[in-house]
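So the protein sequences, as listed, match chains Z and G. In case it helps, our numbering puts the first sequence at residues 1 to 111. In case it helps, our numbering puts the second sequence at residues 1 to 114.
Certain hints may be false.
Claimed, not checked - Once the Cα atoms are required to be at most 30 Å apart in a straight line, the calculated BS3-like pairs of lysine-lysine come out as:
no., chain 1, residue 1, chain 2, residue 2
1, G, Lys111, G, Lys5
2, G, Lys68, G, Lys56
3, Z, Lys80, G, Lys101
4, Z, Lys79, G, Lys101
5, G, Lys56, G, Lys101
6, G, Lys5, G, Lys101
Said to hold, decoys possible - According to the in silico footprint, chain Z covers these stretches of chain G (three or more CB under 8 Å from chain Z):
no., region
7, 21-28
8, 39-45
9, 105-112
Hint data in this document are derived by calculation from the structure and do not stem from the laboratory. The beta-carbon is built from N, C-alpha and C at its ideal position, and this holds for glycine as well.
Chain by chain, the residues run as shown.
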Amino acid sequence: SQTIHQWPATLVQPVGSPLSLECTVEGTSNPNLYWYRQAAGRGLQLLFYSVGIGQISSEVPQNLSASRPQDRQFILSSKKLLLSDSGFYLCAWSRGRYEQYFGPGTRLTVT
Amino acid sequence: DQQVKQNSPSLSVQEGRISILNCDYTNSMFDYFLWYKKYPAEGPTFLISISSIKDKNEDGRFTVFLNKSAKHLSLHIVPSQPGDSAVYFCAASAGTSGTYKYIFGTGTRLKVLA
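Working from the sequences, and respecting the hints, build out all of it.
Here is the structure:
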């Protein structure tokens, strides 16, 4: 069966510090991968998606970037965090265009 | 422009009764829809899907109805249980986009009262 891991589970970072969140998927190959953010009291906002190694599409121009160095690894980064980057970050995978399966999420607080 | 709308931010239902969660969309190109349940501080859990070639899909206590002419879908939970208390999101995608992107609604918080 397929599983998706995210770490860390929680993170508190000062404004201006860098960020690296990691997501890995097990039990499948060549998945589509996604990064979402849920701000407090808001819905899920798609940040990035990837259909293959090195292929990244950005949905929202902002302070973040994503990379896919390996087939089942997806990384969300920032060089300098802003207060507005606080939120709940979710990684997801899918087979083609059908159901997406989410990881447990990372709670990021920028202070 | 919010292409997928869940106009009810919250809903309370008595245990054993039916819960009906609604979702409206504006893009007529959307042809595949998903419903998710989300508990606080956890990732969303996939519940049920429906393709635009159908108007109904059932899975146990969960049924999703799609009205393409009204651009409206609903999730019915029967009977509702206290463990169903969570935030429910609908999501939609357009197959013609070729990008596998889903647009999510803002969610409806369901509270099932014992």
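In rising order, the numbers of the hints this structure does not comply with: Failing hint: just 7.
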